[in-house]
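Peer 1: What follows is the residue order along each chain.
4 protein chains.
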Amino acid sequence: MDNIQLSGKIKKIKLVILDVDGVLTDGRIIYDSKGRDSKFFDVHDGLGVYLLGQAGIKTILLTAKGSGTLKHRAKDMRVEEIYADAVPKTSALDKIVKKYSVSDIEICFVGDDLVDLSVMKRVGLPIAVANACDEVKEIAAYVTKKQGGRGAVREAAELILKSQGKWEIALKIFNK
Amino acid sequence: MDNIQLSGKIKKIKLVILDVDGVLTDGRIIYDSKGRDSKFFDVHDGLGVYLLGQAGIKTILLTAKGSGTLKHRAKDMRVEEIYADAVPKTSALDKIVKKYSVSDIEICFVGDDLVDLSVMKRVGLPIAVANACDEVKEIAAYVTKKQGGRGAVREAAELILKSQGKWEIALKIFNK
Amino acid sequence: MDNIQLSGKIKKIKLVILDVDGVLTDGRIIYDSKGRDSKFFDVHDGLGVYLLGQAGIKTILLTAKGSGTLKHRAKDMRVEEIYADAVPKTSALDKIVKKYSVSDIEICFVGDDLVDLSVMKRVGLPIAVANACDEVKEIAAYVTKKQGGRGAVREAAELILKSQGKWEIALKIFNK
Amino acid sequence: MDNIQLSGKIKKIKLVILDVDGVLTDGRIIYDSKGRDSKFFDVHDGLGVYLLGQAGIKTILLTAKGSGTLKHRAKDMRVEEIYADAVPKTSALDKIVKKYSVSDIEICFVGDDLVDLSVMKRVGLPIAVANACDEVKEIAAYVTKKQGGRGAVREAAELILKSQGKWEIALKIFNK
Numbered sequence: 001m002d003n004i005q006l007s008g009k010i011k012k013i014k015l016v017i018l019d020v021d022g023v024l025t026d027g028r029i030i031y032d033s034k035g036r037d038s039k040f041f042d043v044h045d046g047l048g049v050y051l052l053g054q055a056g057i058k059t060i061l062l063t064a065k066g067s068g069t070l071k072h073r074a075k076d077m078r079v080e081e082i083y084a085d086a087v088p089k090t091s092a093l094d095k096i097v098k099k100y101s102v103s104d105i106e107i108c109f110v111g112d113d114l115v116d117l118s119v120m121k122r123v124g125l126p127i128a129v130a131n132a133c134d135e136v137k138e139i140a141a142y143v144t145k146k147q148g149g150r151g152a153v154r155e156a157a158e159l160i161l162k163s164q165g166k167w168e169i170a171l172k173i174f175n176k
Numbered sequence: 001m002d003n004i005q006l007s008g009k010i011k012k013i014k015l016v017i018l019d020v021d022g023v024l025t026d027g028r029i030i031y032d033s034k035g036r037d038s039k040f041f042d043v044h045d046g047l048g049v050y051l052l053g054q055a056g057i058k059t060i061l062l063t064a065k066g067s068g069t070l071k072h073r074a075k076d077m078r079v080e081e082i083y084a085d086a087v088p089k090t091s092a093l094d095k096i097v098k099k100y101s102v103s104d105i106e107i108c109f110v111g112d113d114l115v116d117l118s119v120m121k122r123v124g125l126p127i128a129v130a131n132a133c134d135e136v137k138e139i140a141a142y143v144t145k146k147q148g149g150r151g152a153v154r155e156a157a158e159l160i161l162k163s164q165g166k167w168e169i170a171l172k173i174f175n176k
Numbered sequence: 001m002d003n004i005q006l007s008g009k010i011k012k013i014k015l016v017i018l019d020v021d022g023v024l025t026d027g028r029i030i031y032d033s034k035g036r037d038s039k040f041f042d043v044h045d046g047l048g049v050y051l052l053g054q055a056g057i058k059t060i061l062l063t064a065k066g067s068g069t070l071k072h073r074a075k076d077m078r079v080e081e082i083y084a085d086a087v088p089k090t091s092a093l094d095k096i097v098k099k100y101s102v103s104d105i106e107i108c109f110v111g112d113d114l115v116d117l118s119v120m121k122r123v124g125l126p127i128a129v130a131n132a133c134d135e136v137k138e139i140a141a142y143v144t145k146k147q148g149g150r151g152a153v154r155e156a157a158e159l160i161l162k163s164q165g166k167w168e169i170a171l172k173i174f175n176k
Numbered sequence: 001m002d003n004i005q006l007s008g009k010i011k012k013i014k015l016v017i018l019d020v021d022g023v024l025t026d027g028r029i030i031y032d033s034k035g036r037d038s039k040f041f042d043v044h045d046g047l048g049v050y051l052l053g054q055a056g057i058k059t060i061l062l063t064a065k066g067s068g069t070l071k072h073r074a075k076d077m078r079v080e081e082i083y084a085d086a087v088p089k090t091s092a093l094d095k096i097v098k099k100y101s102v103s104d105i106e107i108c109f110v111g112d113d114l115v116d117l118s119v120m121k122r123v124g125l126p127i128a129v130a131n132a133c134d135e136v137k138e139i140a141a142y143v144t145k146k147q148g149g150r151g152a153v154r155e156a157a158e159l160i161l162k163s164q165g166k167w168e169i170a171l172k173i174f175n176k
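Protein chains in written order, with the numbering used here: chain V, 1 to 176; chain D, 1 to 176; chain Y, 1 to 176; chain W, 1 to 176.
Calculated directly from the structure, the hints in this document are not laboratory data.
One should not assume that every hint holds.
Heads up, the list lumps identical chains together, so a pair's fine if it works in one copy or across two of them.
In the SDA-like style, the derived pairs of lysine to any residue whose C-alpha atoms are separated by at most 20 Å in a straight line are [as the list claims (entries may be wrong)]:
id : residue 1 : residue 2
1  : LYS137    : GLU168
2  : LYS65     : ILE173
3  : LYS58     : LYS99
4  : LYS137    : ILE173
5  : LYS75     : SER33
6  : LYS65     : GLY53
The shape of chain V in the complex, shown without the other chains:
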């Protein structure tokens, strides 16, 4: 895909949907001896979601897993909503399209693994993180340079805001 084609896709984006494990995290799950799990998130990604929100683009989390650890991070990141235990993910996508009155072509989805394929084939801007599996990278319109959980979501947010000419406006709040 050339840059003009990519830029055209990005300009249409009104909503961002993020997979969680491997995208907002680096794919690792910490288990302790009592069976509780913990996950790594990245503070730079959090600012990316915040900047999207400032520019009027909502962020939604979509995962095939549960929302236990996730809901706390989601609250701190001020994401719009979480769709957890979503199997297949396309059912949740149908609900999102209806609820937020957007069409597939206006959605950016960031994914990393096979379970993301069905959604990525439908949305207007499918993005794969650097650590995504080959099948996911192949159908992505853009592959991030940064790893999931290490800035990939921030990179995606900046890509969208810059292509839409909203980056400078978003930055203004930091230059007061």
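Model the placement of chains D, Y and W on the given structure of chain V, informed by the hints.
Peer 2: The following block gives chains D, Y and W in isolation, referenced to the frame of chain V:
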């Protein structure tokens, strides 16, 4: 070992046995001030074990250490069984061979350290992870490109499924 | 900026202010299933802050986030004071300048992200960590080779102490 | 130092003393919101200490910090003894020399930071980990290729056992 020889070994595999520390984890153990330990697992590896199961290949965990933290992760990964505190590991291998009615040659074992040597010398497909010690790599039929706890088990699962012609079938569930 | 110019700026430094996430940590936040967060700090950085203190240079932490996890680490590192929930950060800078009777030009600030820009534009020695975003690196007088949470603060401390001719004195305590 | 000189030093070693943070760990300390700290240890290092023990070489931990988190890991690794809160470290070294009836020249010490300098100058085999600060590397007889907390101690153990001709004997237990 050439590719044809390796492919021949893989085609016979009916059961996968995984060491835990250094294979399903990156070898790190987190200790807190109360002595509780935690370990890092990888969500991509989990999907690898799931895909093996879909193709009729069971996965068993075999560790010389205890099963405290492990049993919770094992449940989430839907592995068949855990053999913990297994010293020497070959005794557990004897039990597995009997219980699952498989022969050594039909077993793949993934290991990383000296304690895995005795089992690796017996099974049909001994795999070493990228971070394995030299002695383990030397007797392995295949050394993964990915590190333990960072996709090595997923890589092993894909290797087996692709060589056995089961990869495309496994992928079908993600393309509905 | 050439080395003489940089050296001139460093010689004036009497106080060091550190951002926290991404500077004293690698930017990752661990969430567990109960919503508690943990962060990674680096023992080498701790010794850097200690050496600054031995040379009469106080260290202050300045973050836009809360001080929950931070206050425990700060105590162990013997930093002078924490300014948490500081939005915008320049308001806290005003308080610090007044309380410690220093001028902007006598302050070193180490930052990594957009929220640090306003403070970095004011202080005499703005330092960016290796993992800082581009906008922060561009206005920094010095960019550390080490990553935040992996020695960047230690590197900054050594830079200041060596330029001020205080490094050898600081080392004396380890050669008894 | 040439290999013959190094080999001569290693052959004399009867006791190994390890610094903890940055040597048995990667130098990171995890703080949670309640102020509890956790640390990363490496399972491969644990086997290194075990192999030293099998060959009659005891391992002692020596840290300027407290023993909270450490004592649990030390127990699992079967180290001989912990000297915590040891400032300066040479005082603890004096006690160790007396208690274990060894001379300085028969001791290997593995360190990473400035607080280790005084001990490293005295012992027969001072080893620096790959992530040690420059001052420590400069006075080391050997610098490990592996990082602290990621196999550096295992590498040091193998170096000693191989130079002393005890490696093959140690391996025998894994080839039964």
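Peer 1: Run the structure past the numbered hints and jot down the numbers of the failing ones, going up.
Peer 2: none
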